[in-house]
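Let the sequences and hints guide you as you build the complete structure.
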Amino acid sequence: MNAESLKPERVAEHDRQKGLADRIMCCSVAGCLSAGAGAVRAAIEREVDAQGKSAAIEVCGTGCMGLCSRGPLVRSAAADLVYTDVKPEDAGAIVGHDRSKFENRLLDSDHPFYAGQRRIILANSGRTDPERIADYICQGGYQALLRAVTELTPETILSEVKKSGLRGRGGAGYPTGLKWELVGRNSSPVKYVVCNADEGDPGAFMNRSVLEGDPHRVLEGMAIAGCAVGAQQGYIYARGESPLAIARIKTAIEQARREGLIGGRIFDSSFQFQIDLRIGAGAYVCGEETALIASIEGKRGQPVPRPPYPPEAGLWGRPTLINNVETFANIPTIIEMGGELFSAIGAPASPGTKVFALAGRVERTGLVEVPIGTSLRTILFDIGGGVPAGHEFKAAQTGGPAGGCIPAQYLDLPMDYDSLSRIGTMMGSGGLIVMDSSSCMVDLARFFMEFCMDESCGKCIPCRAGTVQLHEILRRMTRGEGRESDFGLLEDLSGLLKETSLCGLGLAAPNPILSTLRHFRNEYDAHVRERRCPAGHCQIPAAQEHAA
Amino acid sequence: MLERAMARHHYSGAALIEILHITQQLYGYLSRPLLKTIAHKLRLPPSQVWGVATFYHLFRFAPPKAHSAVVCMGTACYAAGGQELMSIMERHCGAHPGDWTLEAGRCVGSCGLAPVVICDGDALSRLRPDDLESRLQARGPRDPRMQGFANTPGCLPAVSSRAISGEGNER
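Residue numbers (our numbering), protein chains in the order written: chain A, 1 to 548; chain B, 1 to 171.
Be aware that one or more of the hints could be misleading.
[To be verified] In silico contact screen, one side only, chain B against chain A (beta carbon under 10 Å); selected entries:
| # | residue |
| --- | --- |
| 1 | S12 |
| 2 | I17 |
| 3 | V108 |
[As the list claims (entries may be wrong)] Coverage of chain B stretches by chain A, computed from C-beta distances (three or more under 8 Å per stretch; other residues unrestricted):
| # | region |
| --- | --- |
| 4 | 18 to 29 |
| 5 | 53 to 63 |
| 6 | 73 to 80 |
| 7 | 93 to 107 |
[Claimed, not checked] Keeping only pairs whose Cα atoms sit at most 20 Å apart, straight-line, the calculated PhoX-like set for lysine-lysine is:
| # | chain 1 | residue 1 | chain 2 | residue 2 |
| --- | --- | --- | --- | --- |
| 8 | A | K7 | A | K18 |
| 9 | A | K299 | A | K459 |
| 10 | A | K18 | A | K53 |
| 11 | B | K65 | A | K299 |
| 12 | A | K162 | A | K101 |
| 13 | A | K299 | B | K41 |
For the record, the hints were derived by calculation from the structure and aren't laboratory data.
Note that CB positions come from ideal geometry on N, CA and C, so glycine has one too.
What follows is the structure in structure tokens.
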């Protein structure tokens, strides 16, 4: 494809879609599929055929529409409505636009779930078919790449990204523009762009939904990055546990290659950029950038000390730009709207939006995208519909095993990188799990420590041995065998891990402990001194009460 | 097939993990003779091939069994009672040790439907303990279907299957 043919293709697809009476879009990402979306789609296809409307009504798959707890979701483009809890029997009513069958099962764009959101990363999810590149192009896809390659220079792309103030969405929040500049400044003739799609935090499925729902957006972002930093090869490192995401990326890469949007002489310029997929094999530590590099090179995913940082010496010793899926997904929008306009969205020090995976004790669970700086209260109570009746909000857990919790007194805190780190937690990649009074915070800390213990790669001693010891202390506490001296041990060991571990896994492993100790010290006290679990979650044998 | 895959990657050592994935797809698991062949063809020390293969949780070194179950132990599923489901599965698999591969999954990405157990490739969502019991009864002793994204080998009754029980692992 060249610069002239992108627009006609866009117009052609637009006209084709306008000519249809309706597009019935069935959610086809992991959450809804496991709720039975496959059977729903087949039933709708049968119904359309039976009514002889297959020329006028298109039935296709689409990305995540957000409200996973009410899945399978189906959207009618003509009516601009989302049907929830769809069963195969509903096919007739959907095809015939019979709303009476969907009394409490209809969502329009004014529904509180959508009204509080601002969808940039997820803009196409629910509106395009992730398996058709024409659909992405129709929504303005690859326009940003065209602009980057033909109108902008690497310097101007960099300055747009810097102006946007975008910060890394992998969790740490490093300014993206600075990272790109470091790689761009390097004079090495060979450079790499790597997309970190090894999303391993339990309770986090944002990246995977983006890849399953809108893979071309990520490819486009990577290609623009390649153009800006002077790289000719990109890798996507995907999680082996997400077979659907892997399949969608493969399809997208193939389509983009066929259309000449990645490969040699993109848009008839001298810019060339290849993207290859690498599949992880189930090691959480590979989300750490140096471990990820080792894994792409075919080795054990063990981290190495930094510096040198990957922008200096990364993949095969060459300068390497590593960004998260969501970071790359922001890039086309930044190039399209300009860095300055983009920086007006969200909080001043953390512009843009953030996708959260909302789960746990909340009415509406699923994927939500809000401007950064939105308060937790808005996310949980306006968008999420609050905690189910009969339960009481206790805390929200962010950042997975590297993060911490937000107790009720901080409900109005803006969710941005800096505010969260001030109260001892982190933005993380976006998992947001709501706990109520039945969740035990000591056991939660133990749960995350068990995770870190299992996933420690074993290279450095503080992490390898420290996580085991921390887990043992917490396990003791949850069994009612905790000792007074354990408090000191927990704090000492946590400090040690934070100061001496080799990589992010060990450095952040004590965070859930420190955070729960800070906000829920009373629960620890109850476990150790009174031998009881206030949440009633831990099974503490009665006989233990008098044990030493 | 395996030979073709290796040729496609130019017998490069950097493609080791890709080759291991393909081998497991073709043969169901990574046997020692297969690993030796791979080491020879890619001109890598067998120790390195074994070391890499055992480092990653997704590779298994014993033939898969008739049934597979993955109990999701992501945060949302854990908070929603995943542990109880795990105990039921452990009991069930302990009673039929030759038939079941039981694993603890690390978030299958269906947190909205927690707790989730993936049984022979079917995702059972919002599962209550008694539901699981009755579904297991209904499933019968042996089912030739085998699918799902199995991780670690072996159902070890009464042992937390979260621990990586692959032979030769560091722990």
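key: Broken hints, by number   = Per hint list: 11 and 12 violated.
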